[in-house]
Amino acid sequence: MQGTDRRDNIRIEEETMAQRLQLGKRLKALFGRGRADEEFFEELEELLLQADIGPQVTMELADELRRAIKQERLKKADEFIAELKKIMGTIIRTTRIKLEPDKLNIFLVLGVNGVGKTTSIAKLAHYLRGFPGKPDIMLAAADTFRAAAVDQLKLWGQRLALKVIHQAPGADPGAVVFDSIDAALARKSQALLIDTSGRMHNKENLVRELSKIDKIVGGKLGGNRYHKLLVIDATTGQNALRQAEVFHQVLTIDSVMLAKYDSAAKGGMVVSLCRQLGLAFSFLGIGEKPEDLRVFDTAFYLDSLLGG
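Numbering-wise (this note's numbering), the sequence shown opens with residue 201 and increments by one.
Where hints are given, some of them may not hold.
Stated by the list, open to error - Listed next, the in silico BS3-like pairs over lysine-lysine satisfying Cα-Cα at most 27 angstroms (straight line):
#1 K286 to K276
#2 K415 to K354
#3 K420 to K363
#4 K270 to K286
#5 K303 to K388
#6 K225 to K363
#7 K415 to K363
#8 K415 to K298
#9 K276 to K363
#10 K334 to K363
#11 K298 to K412
#12 K270 to K225
#13 K285 to K275
#14 K225 to K286
#15 K225 to K275
What the hints assert, rightly or not - Quick list of the computed label-pair ranges, beta carbon to beta carbon:
#16 A371 to K286: 46 to 54 angstroms
#17 G419 to T290: 35 to 43 angstroms
#18 N439 to S411: 22 to 30 angstroms
#19 D278 to E491: 33 to 41 angstroms
None of these hints come from the bench; they were simulated from the model.
Model, not experiment: these values are computed from the prediction.
Even for Gly, the Cβ is constructed at its ideal location relative to N, Cα and C.
I would like the entire structure built from these sequences, with the hints used as guidance.
Set out below in structure tokens:
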């Protein structure tokens with residue numbers, strides 16, 4: 201069974217790479233014509249939309265590229281693609297996750313159900329544990345709405361030898377958060393990663409629950425550090441924009457992790473989330489294992505999206 205899963209993962213990765221390479225080839229073929237007429241820009245917009253970049257940002261990118269080609273008198277394919285990457289690079293925002301020494305660093309991990317929050321928490325814990333001094337890290341199972349979420353986080357805790365604060369399914373998430381912060385402070389932990397519910401089908405409950413958790417964290421924060429991390433599924437496409445809008449309205453998001461980037465997705469929504477919401481990206485999730493997390497690198501992302 202494990203062999204079958206591995207073959208499926210390899211097949212998906214190969215299909216994904218083929219899709220991205222195909223987009224890069226089509227862009228190079230388009231740019232290789234050496235003429236930037238209206239037909240060129242219509243085809244460019246179509247390709248950018250296929251890459252999951254939204255309509256508004258696609259038109260803005262095309263307009264900016266049109267101006268740059270005219271002003272700088274660009275004529276070669278490599279000049280066109282370099283200019284497009286340059287324009288996108290000015291839009292994309294990134295941030296580096298750090299641990300404040302001698303403090304409790306609280307990470308509230310957000311996202312709708314199914315985006316891979318719990319696995320992303322395990323990856324983040326593994327990443328943070330690689331910091332100097334091997335910091336003590338704890339997990340909090342505040343997604344009490346789904347029993348499976350609590351069990352999954354407990355399983356990751358066992359695999360990574362991490363303390364997990366949890367209560368029975370259906371317990372008050374705020375109580376879990378309150379107790380987990382007390383436990384982390386008593387233990388002098390350097391990081392506390394809090395899993396949360398993502399019931400987008402009931403926005404009112406989601407807003408009320410997250411607002412309550414946010415107040416609890418704020419009330420117990422003291423001089424410690426608080427980071428709100430949103431997990432977005434790379435296969436979601438432009439629906440990711442709506443998800444991010446909801447969470448950003450409730451809690452000001454500090455950074456975004458793009459999960460499942462190894463799956464059949466192009467990830468163009470990164471540009472839209474940066475442009476339209478001003479969000480910054482911190483990580484790319486590129487697999488299922490704890491070590492399959494890489495710091496978000498704009499050059500790598502653009503090469504992956506548009507072709508290196």
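Here is how each hint holds up against the structure:
no.	hint	result
1	K286 to K276	holds (15 angstroms)
2	K415 to K354	holds (25 angstroms)
3	K420 to K363	holds (20 angstroms)
4	K270 to K286	holds (16 angstroms)
5	K303 to K388	holds (8 angstroms)
6	K225 to K363	violated (48 angstroms)
7	K415 to K363	holds (24 angstroms)
8	K415 to K298	holds (23 angstroms)
9	K276 to K363	violated (57 angstroms)
10	K334 to K363	holds (15 angstroms)
11	K298 to K412	holds (26 angstroms)
12	K270 to K225	holds (24 angstroms)
13	K285 to K275	holds (16 angstroms)
14	K225 to K286	holds (19 angstroms)
15	K225 to K275	holds (18 angstroms)
16	A371 to K286: 46 to 54 angstroms	holds (50 angstroms)
17	G419 to T290: 35 to 43 angstroms	holds (39 angstroms)
18	N439 to S411: 22 to 30 angstroms	holds (23 angstroms)
19	D278 to E491: 33 to 41 angstroms	holds (35 angstroms)
Figure legend: structure checked against the earlier numbered hints; hints not met, in rising order: 6 and 9.
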